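S.K.: One letter stands for each residue in the lines below.
Number of protein chains: 2
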Amino acid sequence: MLLCDIGNTSYHFLHVEHDYKKNVLIFDPSEVEETVYYICVNPEVKPLLERLENWIDLSLHVDMSNYYETIGIDRVMACEAIDYGIVIDAGSAITVDVVKYGIYDGGFIYPGLHAMEQTYKNISSALDYSFNFELPLGKMPKNSRDSVSYGYLKLLYSEVMSHKADIYLTGGDAKEFAKLFPKAIVDERLVFKGMKNIIKHAKELIC
Amino acid sequence: MLLCDIGNTSYHFLHVEHDYKKNVLIFDPSEVEETVYYICVNPEVKPLLERLENWIDLSLHVDMSNYYETIGIDRVMACEAIDYGIVIDAGSAITVDVVKYGIYDGGFIYPGLHAMEQTYKNISSALDYSFNFELPLGKMPKNSRDSVSYGYLKLLYSEVMSHKADIYLTGGDAKEFAKLFPKAIVDERLVFKGMKNIIKHAKELIC
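Sequence order for the protein chains is A and B.
Mapping of the first sequence onto our numbering: position 147 corresponds to residue 147, and the numbering continues sequentially without gaps.
Mapping of the second sequence onto our numbering: position 1 corresponds to residue 1001, and the numbering continues sequentially without gaps.
Honestly, the hints are just simulated from the structure, not real lab data.
Since the structure is predicted, the reported quantities are computational estimates derived from the model, not experimental observations.
Mixed in with the good hints, there may be bad ones.
Dumping the calculated BS3-like pairs for lysine-lysine here, alpha-carbon to alpha-carbon at most 30 Å [stated by the list, open to error]:
no.	chain 1	residue 1	chain 2	residue 2
1	A	LYS46	B	LYS1142
2	B	LYS1046	A	LYS121
3	B	LYS1139	A	LYS175
4	B	LYS1021	A	LYS121
5	A	LYS175	B	LYS1121
6	A	LYS22	B	LYS1121
7	B	LYS1121	A	LYS179
8	A	LYS183	A	LYS193
9	A	LYS183	B	LYS1139
10	B	LYS1164	A	LYS179
11	A	LYS164	A	LYS22
12	B	LYS1100	B	LYS1175
13	A	LYS139	B	LYS1100
14	B	LYS1200	B	LYS1046
15	B	LYS1193	A	LYS139
16	B	LYS1183	A	LYS164
17	A	LYS175	B	LYS1183
18	B	LYS1183	A	LYS142
19	A	LYS142	B	LYS1142
20	B	LYS1175	A	LYS142
21	B	LYS1139	B	LYS1200
22	A	LYS121	B	LYS1179
23	A	LYS179	B	LYS1200
24	A	LYS46	B	LYS1121
25	A	LYS139	B	LYS1021
26	B	LYS1100	B	LYS1179
27	A	LYS164	B	LYS1142
28	A	LYS193	B	LYS1139
29	B	LYS1022	A	LYS121
30	B	LYS1142	A	LYS196
31	A	LYS142	B	LYS1196
32	A	LYS179	B	LYS1022
33	B	LYS1142	A	LYS183
34	A	LYS121	B	LYS1175
35	A	LYS139	B	LYS1022
36	B	LYS1175	A	LYS139
37	A	LYS164	B	LYS1196
38	A	LYS142	B	LYS1200
39	A	LYS142	B	LYS1179
40	B	LYS1121	A	LYS21
Please put together the full structure from these sequences, using the hints given.
M.R.: This is the structure in structure tokens:
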């Protein structure tokens, strides 16, 4: 079975236990002959795939009644991977979503690590710091680097911990954020897991 | 008594109860004949004022032992205005500082309203929203605008409220943030109040 998670920059394939990426600008999806189960958030790629019979859009097989219309399908799939917990997908944006007993309970969007460092830098060159993931979370800072790090990391930390649920970390910056959430389950294939669950439950795909 | 708080764009004067601003690019401080008690965070303006005898730099009269070296002097003055509480100065950056029994207890820096709206917009045009200051804070959102607003506003709200202290709001966006913190004391002259306190306690300035 070939799975594919298509973002703004790449086709991310998973074939059994092997995953690899192809650049959206140069890869031609019609070259693939086998059946591909995919999700796609890239508006330019979507129309290309709709024409190809062996590319199966998994978004059409999800019960969306507990989600909302404009939510990214990658967020939905990460949520479909778990039964109870809080999913942090740390990429260019950080999406944080809560799932309770298999049902989506809402979520929020926070700027990604690099976007936020850029934001502070743009406000003032005096705020141009790399975040300190080892900052003490229990007390208010008294130095500039930690003041900025606290603003970004501690506020996220408190919100996530307030939900008192298992934390699942995925996305390109998952390993970085694992320093902040040492008890989190880091799973870079969470979206693929959700896709597999959708396939398993969609009887028409198994037949 | 003439007070002046100098930022990156303007000289902000207070004369008795009347305040007014002058553009840093065109105003000539040597035109002022009376004594001016000032603070200045603008590195280009500082050397101009050091040469003028009637411009008194109040930063030299603050006991800085409880602050830290790189903290902005405007933050220090806002803290010097209160005895116990949490000061939110909402400008291009949002500084949040805690004061307990007259002593600085630390603080953090968060991006300002407009900087953060720009950040979300830069990540994706799908996140280009004005924040919803009326969003429900008690539950996780299920729509895009509130997902972004929650990420910015709810996280700040929870952190501020966790300190269980009176909230003092100042800065250009104070009125906007008063919607989020309806019990806050909005005081656009908090920095000037702190400056007056410094003058009162610095005996050498009274003589």
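S.K.: Quick check: which numbered hints come out false for this structure?
M.R.: 11, 17, 19, 21, 23, 25, 32, 35, 37
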